[in-house]
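Engineer: Listed here are the chains, written in short residue letters.
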Amino acid sequence: MHGAGSVAELYRKHAPALHRRCLGIVGNSDDARDLVQETFARYLAAGSRFAEATPFAVLYRIATNASIDRLRRRKTASEDELDDNAAPTDGGGSGADPNHTARRVDALHDLVFLTRGLSEEEVTVAVLHHLDGYTQDGIAESLDLSRRTVGKMLAKFEEHLKKRAARTGFTAPTAPTGMANDG
Amino acid sequence: MADRRFTDLELERSLAGDLSPARAAALAAEATAADQARLAELEREHAEYLRGIDVEAEVRRIEQRAERHRPEARRPWWLRWLLPIGTLAAAAAALVVFLQSKKPAPPANDGDDFQTKGDDISLVIHGEARQLANGDTVTPGTKIMFEAQGGKPGFIAIVGIDGSRATTVYYPFGAREATAIGKDRLLPGAIQLDATPGDETFFAVFSARPFPIDTVLPAVTGTGALPPGIAMSRVILHKK
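For the protein sequence lines, the chains are A and B, in the order given.
Okay, so the first sequence: first residue is 1 according to the working numbering, each after it adds one.
Okay, so the second sequence: first residue is 1 according to the working numbering, each after it adds one.
These are calculated hints, taken from the structure and not from any lab test.
Please note that the accuracy of each hint is not assured.
Claimed, not checked - Taking CB as the label site, the calculated pair distances span:
(1) B/E147 / A/E159: 38 to 46 Å
(2) B/E43 / A/D30: 18 to 26 Å
(3) A/R147 / B/A28: 18 to 26 Å
(4) B/T139 / A/A166: 43 to 51 Å
Everything numeric in this text was worked out from a predicted model, so none of it was measured.
Glycine included, each C-beta is placed from N, C-alpha and C at the ideal position.
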């Protein structure tokens with residue numbers, strides 16, 4: 001379905017952004033590069049039959065979910081701490097702020113725990129909003145979704161969070177606050 | 001984000017040539033100095049990343065990994081029927097015993113879908129203009145959406161197997177784990193049927209608990225049984 005040439009072209013176009021996405025979540029460049037490979041592999045194996053979105057949107061969704069899955073497995077396997085080097089991926093240069101980085105690591109811990117069971121698109125939206133600080137308008141414009149759809153997904157995430165907290169006794173210090181405040 | 005009108009994600013989509021025409025025009029007309037500086041910074045980062053990668057070698061590794069995601073595609077279809085007959089027979093027998101001991105035979109369904117176990121799940125496929133029934137004929141390029149009918153909360157995956165015996169996880173797309181399903185049973189996203197000749201069979205696989213999708217692939221491909229606690233519904237579409 002994809003020739004080697006077209007895969008290479010796809011890779012050159014999208015891999016840098018996907019690497020930055022994965023690096024921002026797993027915090028380790030080697031892991032991020034491996035996740036980029038995994039993202040393209042899943043995309044190719046699916047036969048590129050997804051009509052509802054552009055290749056970038058689908059790849060970005062796979063990359064985000066694969067990265068969160070990787071952190072889940074890392075925690076399950078060894079209870080490792082998430083990497084404190086998790087780098088901010090957006091915000092136009094606020095990466096040097098240590099408080100921001102600490103909040104980001106906390107948010108990652110929470111998201112890994114709280115997004116289990118959500119759909120891939122919902123996880124992607126939750127990560128963009130609660131981890132990267134995107135506003136609902138920003139997510140809508142970035143992912144070609146309507147603002148209403150984004151709002152519904154975030155509302156579903158909040159509902160999911162409440163149920164999960166009620167079931168497990170988990171108190172999320174960062175996820176409900178997010179880093180965005182567009183109302 | 002001071003003085004920024006466009007997100008990093010939009011700027012990256014712009015670099016990939018993936019931005020919608022409307023947003024691309026907006027970016028050209030409304031980008032602030034901060035947006036332009038960030039765009040240039042991202043462009044440099046992208047170029048630097050690609051300089052450190054042997055793209056051709058990376059593509060070879062990706063294609064090898066992609067093959068591992070479609071294990072059935074590497075085996076001739078007829079081999080599937082020679083090797084696992086014993087396993088299949090045992091699994092079928094076990095399934096019959098389980099169903100008989102669990103409850104009376106389920107009521108006859110309407111013929112539009114096949115339910116392997118119980119009434120936990122029923123797969124409905126919506127075409128562009130109408131609901132498709134089991135056995136319907138469709139053409140390549142047809143866009144379809146999935147609906148997983150059933151009253152119980154739980155976890156679901158939609159898996160397809162095409163005429164070349166390649167399996168694809170359609171929902172959640174490309175994932176390894178089933179995902180939670182709520183009250184909205186019409187699953188997000190649509191797929192477009194490709195030109196692979198032959199029948200395409202779609203399975204809705206459901207359980208009250210999370211499950212790795214790998215564990216149900218033997219049942220999907222006919223080489224094994226469903227794990228306990230998992231129900232499956234099937235719809236076959238003929239492609240011409």
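Engineer: Are the hints correct? Go through all of them and say.
Structural biologist: A quick look at each hint next to the structure:
{"no.": "1", "hint": "B/E147 / A/E159: 38 to 46 Å", "result": "violated (21 Å)"}
{"no.": "2", "hint": "B/E43 / A/D30: 18 to 26 Å", "result": "holds (24 Å)"}
{"no.": "3", "hint": "A/R147 / B/A28: 18 to 26 Å", "result": "holds (23 Å)"}
{"no.": "4", "hint": "B/T139 / A/A166: 43 to 51 Å", "result": "holds (48 Å)"}
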